[in-house]
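J.: Each chain, written out:
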Amino acid sequence: MITRAEIAATACADLFRGSGAMLASSFGVIPTIGARLARLTHAPDLLLSDGDATLFADTPAVDRPFTRPEGHLPYAKLFELIATGRRHVIMGAPQLDRHGNQNLSAIGPRDRPTHQLVGARGAATNTANHATSYFVPRHSPRVFAPTVDTVTGVGADRAAQWGLRFHDLRGVVTNLAVLDLAGRDGTMRVVSVHPGVRVREVVAATGFPLEIPADVPVTRAPDESELHLIRAVLDPRGLRERELPEA
Amino acid sequence: MSDKRLSIEEAVATIESGMTVGIGGWGSRRKPMALVREILRRDITDLTVVAFGGPDVGLLAAAGRIRRLVYGFVSLDSIPLDPLFTQARERGDLEIEEYDEGMFVTGLRAANARLDFLPILAGLGSDVLPANPKLRTVASPYSDAEYVAMPALPLDVALVHVNRADAQGNAQYLGPDPYFDDLFAMAATRTIVSTEKVIPTSALLDEGSFHTLLFSRIYASAVVEAPQGAHFTTCAPDYERDELFQKHYAASAKDPDAWAEFQRTFLLVDEAGYHAAVARFHADRGES
Numbered sequence: 001m002i003t004r005a006e007i008a009a010t011a012c013a014d015l016f017r018g019s020g021a022m023l024a025s026s027f028g029v030i031p032t033i034g035a036r037l038a039r040l041t042h043a044p045d046l047l048l049s050d051g052d053a054t055l056f057a058d059t060p061a062v063d064r065p066f067t068r069p070e071g072h073l074p075y076a077k078l079f080e081l082i083a084t085g086r087r088h089v090i091m092g093a094p095q096l097d098r099h100g101n102q103n104l105s106a107i108g109p110r111d112r113p114t115h116q117l118v119g120a121r122g123a124a125t126n127t128a129n130h131a132t133s134y135f136v137p138r139h140s141p142r143v144f145a146p147t148v149d150t151v152t153g154v155g156a157d158r159a160a161q162w163g164l165r166f167h168d169l170r171g172v173v174t175n176l177a178v179l180d181l182a183g184r185d186g187t188m189r190v191v192s193v194h195p196g197v198r199v200r201e202v203v204a205a206t207g208f209p210l211e212i213p214a215d216v217p218v219t220r221a222p223d224e225s226e227l228h229l230i231r232a233v234l235d236p237r238g239l240r241e242r243e244l245p246e247a
Numbered sequence: 001m002s003d004k005r006l007s008i009e010e011a012v013a014t015i016e017s018g019m020t021v022g023i024g025g026w027g028s029r030r031k032p033m034a035l036v037r038e039i040l041r042r043d044i045t046d047l048t049v050v051a052f053g054g055p056d057v058g059l060l061a062a063a064g065r066i067r068r069l070v071y072g073f074v075s076l077d078s079i080p081l082d083p084l085f086t087q088a089r090e091r092g093d094l095e096i097e098e099y100d101e102g103m104f105v106t107g108l109r110a111a112n113a114r115l116d117f118l119p120i121l122a123g124l125g126s127d128v129l130p131a132n133p134k135l136r137t138v139a140s141p142y143s144d145a146e147y148v149a150m151p152a153l154p155l156d157v158a159l160v161h162v163n164r165a166d167a168q169g170n171a172q173y174l175g176p177d178p179y180f181d182d183l184f185a186m187a188a189t190r191t192i193v194s195t196e197k198v199i200p201t202s203a204l205l206d207e208g209s210f211h212t213l214l215f216s217r218i219y220a221s222a223v224v225e226a227p228q229g230a231h232f233t234t235c236a237p238d239y240e241r242d243e244l245f246q247k248h249y250a251a252s253a254k255d256p257d258a259w260a261e262f263q264r265t266f267l268l269v270d271e272a273g274y275h276a277a278v279a280r281f282h283a284d285r286g287e288s
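Residue numbers (this note's numbering), protein chains in the order written: chain A, 1 to 247; chain B, 1 to 288.
Okay, chain B solo, but in the shape it has when bound:
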């Protein structure tokens, strides 16, 4: 069986400008932040990003990498709004395709099933429809009911971060919620799986029952070992959200000088440099 392990540089080098990129996780939860940081280090732009947004969307929007954002919300969870995203919107920088969360999930399911659309109640009567002229409704052939015909949301590439994976791309989550990472993987032509730890297939059940095996290797095209790869979002049970650092991110984002400093310290460095800077950030605040 093929060994799909790649370095983070090799894996992200396969993402091209103009692609439609789905980003797994949810808000500020188990986001593939290491993969996002690697996109920021590269000259990848003009992306259509499809996500339940968190700081992934904030960072990519602030760096001008998103041409079009397909989303249901952008939130940092413990902080309701992502300042980088709100600034980008208020500057008028982002072309958006806003869906209700239920519609969004249905769009991924339609793409998985290779359907043009799936019918759904959600969205009828809301401004999600008039705001998006390509959205249509569909009449039931069995009654007078009318539904939203939620179009498929196919992805060129999906980025997800999981707790464990083997070298072939069998992906495992050990936290409370799989989110929709399996749907993102199934809706995509290619999926890059970053993981806290690459382990042998025979060790997959050492830490969780087989119900935690989220999706199989047939949906994975690359596996990247990226410890702390979801930082600063939560990746329970390996680690919780780094709330102190997230506060620092959100506060820095509100002030141009502080943001320049944040970028110099945390973003204009490689992944090892990022984690070293985060360790210094905590050491400076008197933590171990």
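Next up, chain A with everything else stripped away, as it sits in the complex:
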């Protein structure tokens, strides 16, 4: 049986479909499987880094080290690369609103948050400069909120308002569905629901109205060779099932 985590990993890989030579960055196990699966299948020119300072030519399992360097990418050069636009990042999102505005900073009032998170990080830089996607392992109204407490990653509405010409929000992959920002006025739209998921479950788990096409397709399953790559090459120890357990 193909698991929900495997569907989500394949959907993350599909976010990189059509990518040429650019840096694929990912946070979390499933987006990382996705980026590596994309490089091993339909997007062979992607660059991968260890998240530290090195670009690598090999594509190991997600819990194993890279071994064959192909370039030096310390943080200072990463910011220069970002400004060129040649990157697509899949970030996490503690909160996302219907326009794709993301909050990574803190939940609650700015001066005294109820939950301090990591901070602004590079979300504004990323969303202003290159393709950005999000991965949400637990699709819930707490994450998909009517408004986010602070905007770190810029959504489609604000990007239009500020004339951000390189803004490119590609997609949101969750444990239930794939979404994008192609709804009316740049709002969130259901692209597909994962096998076994009803559209109404997605609606119930989302804290704002979603645009729902008349016919919602089912998210594609990985083919045999993709499944082999996920299970035998990229994640033989099954970390994906811990990040996204079966419902």
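Calculated directly from the structure, the hints in this document are not laboratory data. Heads up, some of the hints might be wrong.
[As the list claims (entries may be wrong)] Examples of chain A residues lying across from chain B (beta carbon under 10 Å, computed): (1) 53; (2) 119; (3) 125; (4) 158.
Glycine residues also receive a C-beta, built at the ideal position from the N, C-alpha and C atoms.
Fit chain B to the given chain A structure using the hints.
T.: For chain B alone, coordinates are given in the frame of chain A:
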């Protein structure tokens, strides 16, 4: 040429309350932790701290030394959040100036170049702007484009830790990433360089190519030899992060009694006492 070697006490004694202090490294990576510990031992307070934050920010915030924090994130890397920092924020103790990382780097570059600001795309449309009323945008004179005018982030003093330095302050990193230590040094009026080892200038290329010479002595005002001076953050290739100790730090920070014990054992002692206590910590856990 001047010999800039100072003891850690002498070097940190030059930091005054109220100063703007830039702290090099990144998250839980090559942080000048020995210099931070020496600040904690002294009556230095009311600081504006500018950092890609890690446990340096956690420790200074918990001790009430930071009036204002200028930052992009605070993380322990292998542990996503620093509990001391999150507690200080959730108590409402910290005045903050939060920038996106790209903006932050640009602010240091503006200070290096003695400019008021530099234009940058990052930040447009995000709440970094409205949260900081002093931030302005700037119109391009060549098109309709509008950019964030990222203000310079000048520093009174920068603290950085490097793998090697000579007595004059030529600083060398031997690990994978220089981080932004050179920018911090150039943005500061004075820079205190702590190093694993002070070596003769003639020995600087014994362990790394000249590409590893991060910044020159013209940006250094003091050199402090501080072996294990980045502990418990990583200082590769001299040593990796002390993950076991970092876990102990993070776990202790979550409980008031455990934190009091942590302070007694590791912070209310001098630098030699700190390293002795860390050695005992590992010995007690059955390591060599």
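J.: Hints the structure violates: just list their numbers, smallest first.
T.: none
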